[in-house]
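S.K.: Here's the letter readout for the chains.
There are 2 protein chains.
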Amino acid sequence: MFKAPEHQVAGHLASDGKLGPLVDDSGRFYKPLQSDGRGSKELAFYETFSSDTRVPDNIRRFFPVFYGSQLLEASNGSGLCLHLVLQDIVSGRTNPSIMDVKIGSRTWYPGASDDYIKKCLDKDGRTTTVSLGFRIAGLQLYEGEESGFWKPGRKEVQSFTVDNVRSVLRRFVSSSSSIGNEKPDCSFAPSIYGGSAGILEQLLELKAWFEDQTIYHFHSCSLLILFDKESVLKGSTPVAEIKLIDFAHVLEGKGVIDHNFLGGLCSLIKFVSDVLSDSKESSITANVESEKPHVCTSNGNCV
Amino acid sequence: MFKAPEHQVAGHLASDGKLGPLVDDSGRFYKPLQSDGRGSKELAFYETFSSDTRVPDNIRRFFPVFYGSQLLEASNGSGLCLHLVLQDIVSGRTNPSIMDVKIGSRTWYPGASDDYIKKCLDKDGRTTTVSLGFRIAGLQLYEGEESGFWKPGRKEVQSFTVDNVRSVLRRFVSSSSSIGNEKPDCSFAPSIYGGSAGILEQLLELKAWFEDQTIYHFHSCSLLILFDKESVLKGSTPVAEIKLIDFAHVLEGKGVIDHNFLGGLCSLIKFVSDVLSDSKESSITANVESEKPHVCTSNGNCV
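First to last, the protein sequences are chains A and B.
Just so you know, my numbering puts 103 at position 103 of the first sequence, and the rest follows in order with no gaps.
Just so you know, my numbering puts 55 at position 55 of the second sequence, and the rest follows in order with no gaps.
Please keep in mind that the hints were generated in silico from the structure rather than gathered at the bench.
Backbone N, C-alpha and C fix where the C-beta goes; we use that ideal spot for every residue, glycine too.
Treat the hints with care, as some may be off.
Using 25 Å as the maximum straight-line C-alpha spacing, the simulated SDA-like pairs for lysine to any residue come out as follows [to be verified]:
hint: 1; chain 1: A; residue 1: K151; chain 2: A; residue 2: D274
hint: 2; chain 1: A; residue 1: K207; chain 2: A; residue 2: K118
hint: 3; chain 1: B; residue 1: K119; chain 2: B; residue 2: V157
hint: 4; chain 1: B; residue 1: K207; chain 2: A; residue 2: D278
hint: 5; chain 1: B; residue 1: K280; chain 2: A; residue 2: A208
hint: 6; chain 1: A; residue 1: K118; chain 2: B; residue 2: D115
hint: 7; chain 1: B; residue 1: K183; chain 2: A; residue 2: G255
hint: 8; chain 1: A; residue 1: K207; chain 2: B; residue 2: K183
hint: 9; chain 1: B; residue 1: K254; chain 2: A; residue 2: F62
hint: 10; chain 1: A; residue 1: K270; chain 2: A; residue 2: K234
Here are some, though not all, of the chain A residues that point toward chain B, as calculated from beta-carbon distances under 7 Å [as the list claims (entries may be wrong)]:
hint: 11; residue: L71
hint: 12; residue: S105
hint: 13; residue: Q202
hint: 14; residue: G264
hint: 15; residue: C266
hint: 16; residue: E281
Stretches of chain A that chain B covers, calculated by requiring three or more beta carbons in the stretch to come under 8 Å of a beta carbon on chain B [unchecked claim]:
hint: 17; segment: 130 to 136
hint: 18; segment: 211 to 217
hint: 19; segment: 250 to 257
With the hints as extra help, turn the sequences into a complete structure.
M.R.: Below is the structure:
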């Protein structure tokens, strides 16, 4: 009944025989409580958050549904362990493309130990966290029936530069045939990043909340971007969505906005919106080029 | 002809016989080039920025006008030194209230030396820089003819907590008579922070630019908020304005927004807008209370 999730892109994997999350057939995701008190802090967050009436519904949909906690046989055989029971956000999707983006220009939080802060500072500087205000923590990208998924390893993802991130955000919404090219075509950008229900609009909705909310500070939390390339290819309306996950380091906001999360979110928004504008421009260029036979020169000769 | 500025709230003071800025009668501000290459970096910034056609006019007005550089007798008698020649932004104002707010949740910049980063990290953690995304670096607040200015010393300003900052932002726009009270009245908030030409609108205009501009990253830069309480008291339209200063650590944006500055700016905006809403609410409460004689209880007795 329980199995390792098929589409996990970051974190510990139960499939390696380690302690990791499990899923069932009913669309639920079981996440073992992490050590060092992180697990109980995450459980406490979900319990508080799920009954927090200050969080509006349009924002609540960006969080996995929380069903409580449950004792389960752990994936590494270490016996009965407490698991968070959450919505499995990829349930029902076939071949989802997923990107896990850790938001914020620092992943440490005030009050953490000096060692922990140092460890985070080091990693934040080595990745794009400091420079971009976010880093890609994992991804899988469906490229079609033949080539399957592009799912770079942890080390490769951790070594992504600013240019790599820009390029991955383009590749994420490009047609498979263009991916080998120097410049992927971003042909899915208008339907995935753009549109009234697209990724950009959702990010902007989240941003508006973060400009005002002073309830929670989300340290070292990830934003998942996911969609189903196959449904785009089949011409059906693609459902692109964002979800926030990983709440082991959420602290009280105490009347101050989460400027660390907000700054990083704005940076991600700018990157996504740049890909979208580029794709619109190149489709205009393409249209002009396809209309070339009708273009006439000033002396009346048509080419 | 040259003298020490009367209304400087942060930085080195020429009036202490140290190397500091000077002003003249024609509305110009002379800032000696700082040591360690910071001065030449700031000069280079002003030279680039002043001819940068990518910066729109509505944003350019938030920066002091740059008139070039000039050799001048230094204020500490150390001979002829190169000075930046800038607009004296308090020229023409009588008794201006000024707040110097250093923006960003980190004041260090990528590429700085380990020692410098450590020094900044320490100070950022001791002040509100990490928690708020900004810190007050200095201020003077005109309280009226009798009491003159409230201008807390450097040490006091550096020890401001989050609650102190909230309270200073209220006190900044309160009537002198209310300042001794537990809760200053914020009676100038609607005319200084609010309104279509007020501080909040200017901050929002600056924010809109920072959401999009990827040209410059403003590390350790200050935002001055200034206005003239006397003109409010005299009933004339107060000119409240914001100006950015201190550009020794501006780096190229390289296609990435300045998420560090933007996050801090959004945090400041939230604080200012909270003071403004509070002041509106309390003026509604005051109105309701003054109408008390007309309030009737459910049994028909009027109080």
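S.K.: Each hint: holds or not?
M.R.: Hint-by-hint comparison with the structure:
no.: 1; hint: A:K151 x A:D274; verdict: 24 Å, holds
no.: 2; hint: A:K207 x A:K118; verdict: 29 Å, violated
no.: 3; hint: B:K119 x B:V157; verdict: 18 Å, holds
no.: 4; hint: B:K207 x A:D278; verdict: 23 Å, holds
no.: 5; hint: B:K280 x A:A208; verdict: 22 Å, holds
no.: 6; hint: A:K118 x B:D115; verdict: 14 Å, holds
no.: 7; hint: B:K183 x A:G255; verdict: 18 Å, holds
no.: 8; hint: A:K207 x B:K183; verdict: 32 Å, violated
no.: 9; hint: B:K254 x A:F62; verdict: 31 Å, violated
no.: 10; hint: A:K270 x A:K234; verdict: 29 Å, violated
no.: 11; hint: L71; verdict: 38 Å, violated
no.: 12; hint: S105; verdict: 6 Å, holds
no.: 13; hint: Q202; verdict: 17 Å, violated
no.: 14; hint: G264; verdict: 6 Å, holds
no.: 15; hint: C266; verdict: 6 Å, holds
no.: 16; hint: E281; verdict: 16 Å, violated
no.: 17; hint: 130 to 136; verdict: holds (count 4)
no.: 18; hint: 211 to 217; verdict: holds (count 3)
no.: 19; hint: 250 to 257; verdict: holds (count 4)
Taken one by one, the earlier hints fail for this structure at numbers 2, 8, 9, 10, 11, 13, 16, listed in ascending order.
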